[in-house]
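Participant: One-letter residues, chain by chain:
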Amino acid sequence: MHTVSSPYLHKPASIAGVMREVCLALLPGIFVYTAFVGAALFAQIAIASVTALAAEALFLKTRGNPVRPFLTDGSALVTAWLIALAFPPLSPWWLTVTGVLLAIVIAKHLYGGLGQNPFNPAMVAFAGCIVAFPALMAQWPAQGIAAPFGEQMRIILCLSPRMDALAGATPLSVIKASGAGDLYTDVREILVRQNLYGTFAGKGWEWVASAYLLGGLYLLYRRVITWHVPVAFLFGMAFVSLLFWRHDPMHYADPVFQLFSGGSMLGAFFIATDPVTGCTTPRGKLIFGCGAGVLAYLIRVFGAFPDGIGFAVLIMNLWAPMLDRFAQPPTFGERGGRV
Amino acid sequence: MPQVSFKFHGGLKLPAHKDISSGASIRPVLVTAGQRLVIPLSQSAGAPARAIVAAGDHVRKGQKIGAADGRISAAVHASTSGRVLAVEERRMPHPSGLSGLAVEIEADGEDLWIDHAPVDYRGLSLEDACLALQEAGVVGMGGAVFPSHAKVPQRHAVTTLIVNGAECEPYITCDDRLMRERAGEIVAGVRILRDLLKAETVLIGIEDNKPEAIAAMRVAVAETGEGEIACRVVSVPALYPAGSMKQLIRVLTGHEIPVGKLPTELGVQCFNVATAYSVARVFLRGEPVVRRIVTLTGGVAMPGNWEVPIGMPVDQLLALAQPVDALSGVVMGGPMMGFEVPALDVPVVKASNCLIARVPGTFPERMPEMPCIRCGACARACPQDLQPFELYWWSRARQFERAERYRIASCIECGCCAYVCPAHIPLVQYFRFAKGEIRTRDQERKMAETARERFEFKQFREMREKAEKAERLARAAAAQAQKAAVADVSGGAPENEADTRKAVIAAALERARKQARNAGSRQE
Ligand code: SF4
Ligand code: SF4
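Top to bottom, those sequences are chains A and B. The opening residue of the first sequence carries number 1 in this note's numbering; numbering runs sequentially from there. The opening residue of the second sequence carries number 1001 in this note's numbering; numbering runs sequentially from there.
Same shape as in the complex, but just chain B (with noise of 0.2 Å):
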């Protein structure tokens, strides 16, 4: 059996709450007549796509209602059959309760897929199978949404690919329920990538919690006839957060990817089992990315693991789960990386695994918080091998740059050093406060800089402009000058006089010369 030899600093030994939830099999949610979905057209990590429906258009389940814009983008698609109701700005399910454009759709119930057929993969180039991810709306379905497309590398070799079925927050269980109903698929999704990626080596991470979920993959990686050597599922120690992706890559590989770099650029990429799972979906069946598994726990009567259908409002999706009354809130993602959705109405996107319905006693009161004794728990909790007190301080007396010496841009937000935290200091809000001012920062620097930038350019222009006006106009007086002297000559004019116009000639010329010259040095 695989044994797992790498280890990273610090982490935690959390509760894990997926008993909730773990046994109930994946079900899918049912789209009636009359039911609104909105759909959001920024789903990716990338820029948001380019709506390319308007109100009144009837599209399919499956048909591109927003096109990707640009490299680092996906397309967006219905998720059921139906008539747009508008294409606006909606609240988005993202912690700052920020708005964003949106595909409202009135089902009519009939679910109605476009056409659709399978694509052999093998047949397109490396440039159309990924156009064909794009064109799908395949992002990082472990919820960082990255296009999938733009992570097969252009230029690095990559020797081994990981798949992430770690799942190491608290509560989630949908990763969980889809390798154990679904290995076959994600299986037959891992090998596309690894063809795609031509890696030698597959290397499947599944925390050791998961017993089922690792022998049915282990199953369904024999029947595909892949050797054990070409590709493994290895059980990870559960200790969160494991499933980040660099710190899978170092339990996994032993590879720690160096600050600023690339996993390809070691020769390693990641994708999460959800997203291999689509992958299969794209080009065994042609469908795009319409639904994601998301688990309901929490204060509910009715925990489980719902398919869910793209844009369907959260409190909706919550109504099946049958919460206790008295909902404190919904959190979105996990427990440790969550966040509490602004609004019930939000939709469900391709990030969003699992919704947590908060009833009072959900998760401990938060305690006052305390001064920091610099006991150093946080430290050793921190999987980045940060000092998060020296981050908090640096950050609370906003000293941006002490805190980026101290590799703030390295911080993962996984949680885990205001976790362990006795002086229940919200560690990570600072964090998260700080890297939004360095963000903003830096932008403003930006746009400083190409303003000043535009402005000399401005500037250089004209000068430029001047200089070449100057030399036109030096050259006219010359010419006239020349033409002048040609018709005294020809006039007859005695020899002084032919004289006295080549010295104005010049004169001229060197004026022009100067004038040019001058204008030029000031642009330097």
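Next comes chain A alone, as it looks inside the complex (with noise of 0.2 Å):
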């Protein structure tokens, strides 16, 4: 086609050439994470993956709208892949297949499709998973013993009954479920002493989230998101970790294991960076990005849930355009003088 006005010269950029960055700044995560629990999460990614692809095809026809640009631009995997990665690795193949159908039909393409969805289409598949199918959804492999391949695969297709093992336990729901530590022994001393305390946090979810991290950088240096909400998520998940650490190191966990458990690095980086669903504002993202990581915090600690990213993205999407109306940064000229 030819381009009809100025200008005519377009950088090489497309929306699928950012989700195929975003994918691959997802890898070494995904890598580590199944070292970790096994081979059962390419699997589930698969089974995410494909379903997605489906619904967005169907849905995309249905609406009217040309299936090959919206099917290869990637967003679909890209939510597919998250969702993937935040249920957790044994669920049944259908749990996984109704999270995805929940983000890419209800979440996505009810409020008008790419770009028109005010919340995270993968967080709301988690919030909605985790309300209907609790039980299910606080289902972690026990630690160490990732099963072998053929037996998880049987797990998640239903054709073995469910272990007693997959009831494990993770750093963040044991402190949860003690109550913390008394008066005499701390939250660290607990994970210690069941041996769920790796290096400097969780054992094993520490190189899953430190993988993270490393994606996240990427992200960084190819100027696919920008600083702003995942150095404003993790300082305000640090500063009210450090808070309550400080104030009570028996009953808090410290703010590096804080940020090194969980969904915190997967939630700074690629989740509360959702542009669609964020601020795009400098000063929007800022405060994106802090209420996001406070709200995180909280919600794991105090909430029902045994993490609150979910929950906190959803909560900020919410008032992300507000936010960015209200951050508006003045345009050339509105600085006056010299500057």
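These aren't lab readings, by the way, just hints derived from the structure by calculation. One or more of the hints may lead you astray.
[What the hints assert, rightly or not] Partner residues are not named here, just some residues of chain B that face chain A (Cβ under 10 Å, in silico):
1. 1017
2. 1211
3. 1212
4. 1336
5. 1380
6. 1406
7. 1423
8. 1450
Ideal Cβ positions, reconstructed from N, Cα and C, are used throughout, including at glycine.
Mind docking these for me? Both chains are given alone in their own frames, and the hints should help you get the complex.
Facilitator: See below:
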């Protein structure tokens, strides 16, 4: 097609390119996570991806959108991968499928499709499923006994009974379940005693989180995201956790533990940075990120759910348009005089 | 070496594509007998010139054919000698494809100048010097074509004269070549402008991707004996759009021209190098603007820079550069802010700095437009610190007031936002549309306003006339009554009858006054 008016030049950039970078940045996390929980994760990613693409194609067609450019934009794939990473790795297949359908159909297409959805689709799926199936969404594999792939697949496909070993504890859930320590044992002691403490945070999880951090740094380096949201998110979470920890180290985990547990890193770099549902102005992004970090901590520690990232991001999504409106930066010639 | 310490937000490092034509020195385009030039009368950003020749007239090169019409307007001249064939509407080199009045001249091939001689501007008053510029048709040759004389401020003092040699758009090399080859005359023009403006400092900004031009300009400045302080050639980092007036002023001085203000209000004024060159030609040789340097580039076998008589049709000019066949269009101006000419026979005008012959592969294919994902890439690229995605959103929704609140009026249509948008949204196209709609709306409002005012004035006048008439009638009636009364008195009428007359007079006066008052109150 002929470009009809200037500019006639265009950077070789595309939405598909952006999404490709995001997927690429998720790979280190995926590999470390797989090494930790087993190859079942790949199966979950595959199930989620196929479901997402099928649902996307179907809805594009029914809504009368051109299927090809939208199906290949990669946005559905990113949503699918985030769901696979946020859900317990041995979730039954139908749970993953339900989550993806929730995300693609309800959270995305019912709101008008790409670019129109006010809520992060992957987090809508997470929140929806955790409310509807709280038990299943809390079944994390027990530490260090990644079952053989065949066995894992049978669990996912619901061919084997869900083993007791599945009701494994994550470092976060242990702290929560134990009501934290008593007067003499701090939370770290509890984790160490249960062999759930690694080098500087939850055993295993700390490396998954580090791999996400690495991927996030790649996104920053490639300028797919800006520093504002992740820095503000991590700062917000570190700041509140520092307050509580300093106040009462027996009952509250230290900031490093919090930052490298659960979905903190994934949330900071991959979820809260979603441009469609987040803020776009620099100041808006700072408030958005900070708010999400603080809320995630509060929900994680004081809420009814194992982790707080999903709800925190959804709550901030609600405020994002308003934050942006108030955080408008001054335009050229509005700062006045010599700057 | 003078360093630049100020930056502007956003901007782009673009592939320059300048080496296609930057190596070719300026060559004159000769006009042959029988060749037809079409010289538009509207070649400035102000009012079109008034034609002062008619079909059949013989004109010489440099002869005025269009007189400036008002203060913001500039004269237009014949760019060769020959016979006027017609003064009529022709298609203009404008994206709208609209037509405008133009003078068509059939060249006699002699290219004979009118008598002309240098003018010593130092012997002229400021007004006369400005008049000379207007009469010589000097306008901003960087593309904005604002009449130069109108940029010499009457009220504000200018302390800093900025000379724009940035030439930040890809492909264009006409200013580069002009600076390399005719730096002396440019600097002479700069001196004249400095003297007219009584500026203390002169900063000549040139992008650092033109080292030869920078060197040549430095030599020329040194030769005129202007000290490094009074006139400095500053190497500016090549970052599009560093050549945009506001951005260049910011880079060179640190001043950010406030929204809605003119540079002169901050004591700064800006002229393009080619404009300075034209100014030098006017005073040092007595030559009005009859030609300009045009870069011919893109899909051509012989790219280069040509000194072209104004009015030369685009296709005839491009033939010199030997386009590789199958042109899919010609872009006038640069690839970021230029436009595709509506027809190949439109003429070269004072604004035409570059012609890019477009063949398949010259520019990337247009990609399908996707929805905005609010990634903010456009905002990070915008040199005016706008939020293009908001402007896009409200323009598309036809909510122009919201777009105005996001300062769509500040958009300089540089195209940075559209260049980076991963959704391939033709953002600038939306902004042009919205600005057009806003302009129309404002015009309509203004027209309605004037119409209302006119109507009200008419009403007021009618009222006033009515009131005046009533007053006149009342006075006449009163006079008559008085006369009758006097007659009666003289006729020895009884006392009480005289009283009745008086009462009648009083009543008539009162009536008249009341009428006048009513008319008056209705006016308000
Ligand atoms: S660059 Fe394009 S997709 Fe990104 S925010 Fe701007 S308009 Fe939207
Ligand atoms: S075209 Fe307008 S909105 Fe886009 S980058 Fe340039 S000034 Fe900003």
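Participant: If a hint holds in the structure, say so; if it doesn't, say that too.
Facilitator: Each hint, compared with the structure:
1. 1017: Interface hint status for residue 1017 (chain B): holds (9 Å vs cutoff 10 Å).
2. 1211: Hint violated; residue 1211 (chain B) Cβ to chain A Cβ min 24 Å, cut 10 Å.
3. 1212: violated (25 Å)
4. 1336: holds (5 Å)
5. 1380: This interface hint holds because 8 Å falls under the 10 Å limit.
6. 1406: holds (8 Å)
7. 1423: holds (6 Å)
8. 1450: It is violated, given that the least Cβ distance between residue 1450 (chain B) and chain A is near 30 Å, above 10 Å.
In this structure, the hints that do not hold are numbers 2, 3, 8, in rising order.
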